[in-house]
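> Below are the chains, spelled out letter by letter.
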Amino acid sequence: MRPLKPVLLGVVSFAVILFSWEAAVRLGWLNPFFTSQPTAIAAALAREAGSGELARSAAVSLREFIAGFGAAIIVGLTLGVLAGWYRSVEYALDPFIWFVYSAPLIAFYPLFVLWLGLGTHTVIAISFLLSVTPITVNTATGIRTLSPTLLLAARSFGARPRDVLWKVALPASVPMVVAGLRLGVGRALTGVVVAELFVPSGGLGSSIAYNGGLLRTTDMLASLMVIVVLGVVCTQGLSAIESRFDSWRTGPGL
Amino acid sequence: MISTVAVALFLASWEIAPRLRLVDPFFTSRPSQVLSAGVDIVRGGTLWHDAAVSLSEFAAGFALALAAGVPIGLMLGTFPTLRYLVDPPLMALYATPQLALLPIIVLWLGIGMGSKIAVVFIGSVIPIVVNSMAGVRQVERPLVLAARSFCATRRDVFIKVILPASLPAVMIGVRLGLSRAVLGVVVAEMYVSQEGVGNQIMRLGSAFRVDHLLVYVLLVSAFGLGLTTAARKLEERVAR
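So the protein lines, in turn, are chains A and B. Sequential numbering of the first sequence, starting at 7, is according to the working numbering. Sequential numbering of the second sequence, starting at 25, is according to the working numbering.
Note that these hints are calculated values from the structure, not bench results. C-beta: ideal position from N, C-alpha, C; glycine also. A couple of the hints might just be wrong.
Rough simulated footprint, nothing fancy, chain A against chain B, three-plus residues with beta-carbon under 8 angstroms [claimed, not checked]:
#, segment
1, 129-142
2, 194-202
3, 229-241
Partner residues are not named here, just some residues of chain B that face chain A (Cβ under 8 angstroms, in silico) [what the hints assert, rightly or not]:
#, residue
4, Val63
5, Val66
6, Thr120
7, Leu123
8, Ala124
9, Leu126
10, Met214
11, Val244
Take a look, some chain A residues computed to stay more than 12 angstroms from chain B by CB distance [to be verified]:
#, residue
12, Glu54
13, Pro154
14, Pro177
This is chain A alone, in the form it adopts within the complex (with noise of 0.2 angstroms):
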């Protein structure tokens, strides 16, 4: 693929929505009271910087989904080799997980508010929880699913089966894990910013449901762009890190 049209076309498809989006609020197509224009939310975006409220809700949401991706990835981890390794650990977690991974989760943030307080630990837990399923039930699933050919191999030569666990279940295992990495972290963006929505901790989420209440377009959007420029960068990072897991791989993974 020639690598300069898209990004060529990508900047132009940006330029023409953002110029698009201006022309149209001052030409007074669009109210921009509903809007807003992107001169008015850069202004916005500005101002925040310079007084450094920008920085600070940043990184209340950034340290509220470090710690509840984090716990994710253990807990995750854990689970997942646990249930992969053992059928009956894996039998025993089965509806649990379904559940967790089925239910509205943001329903109980009432719940979580009276056990944890109004602030970044309910925001956290929504996130562990939203994130912790798909890295669980892929981490079992890639371990689960070794081939057989390399576990007859293993054994043939002697391993023990912790041997087979540390040696060979878990590095075939990676893309598994990765590609659960990779939906839990949309999951754990998602946790922080709707919980923020509800519970107010100061991070992106709470300015952007505070500006709305106050009918503030600007400043609203102004956070969500933020959070897009938060998401890109997140996905973005874990393909990076995906590519290099997978470079020493020859063959098709699994």
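Guided by the hints, dock chain B onto chain A, whose structure is given.
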């Protein structure tokens, strides 16, 4: 077998711990209370009205997402120039939690059903577009070339080769979209609404009526789980 035992153990300890005052029943409720709350709610009558409201919002938003998402995705997959233009903003939206748009959608469409339908639509249309687009791009070139060398027109190729070959990917998008749509309805109704299941959840949650709250949450979970399971079955059938 082990699953049943695990669930039974969990329910038993959940029932017994509050009775022994190991945990405060106000925080956790008890399975028996949840059961009687369920009976209450089913007899009460507002459940059917709320469920009907939420279901119609869900159905309208998801139907719109299907009707718009599949053709747009297929088109983006077919025409590279169009894809290069739309891909960057689309990927930015894909990486963003779309529920962050909730407050601005409420500002535009108000607190009624319109804003919920829009939230469901946006949440589910994006995975459908992205996966349909990927599906078309995954169609193997030899298939297309073979069809072309047998004098198939572009339209024939699209209808007889590209469409069937990308159907499994489209189905994955539909399944992802379904679970997002369910979450979207509930969160949007919780954020601001006057009726619907999410509105009930919000009211019960603020009043800390844990037993009634759990009944609604379990209903939504069962609904979401049922839909995704059905979609998975359909996916397996399509893939064959």
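> So, for every hint listed, does it hold in this structure?
Against the structure, the hints come out as follows:
no. : hint    : in the structure
1   : 129-142 : holds (count 3)
2   : 194-202 : violated (count 0)
3   : 229-241 : holds (count 7)
4   : Val63   : violated, 20 angstroms
5   : Val66   : violated, 19 angstroms
6   : Thr120  : holds, 4 angstroms
7   : Leu123  : holds, 5 angstroms
8   : Ala124  : holds, 5 angstroms
9   : Leu126  : holds, 6 angstroms
10  : Met214  : holds, 7 angstroms
11  : Val244  : holds, 5 angstroms
12  : Glu54   : holds, 17 angstroms
13  : Pro154  : holds, 23 angstroms
14  : Pro177  : holds, 27 angstroms
The structure does not agree with the numbered hints 2, 4 and 5 stated previously, though it agrees with the rest.
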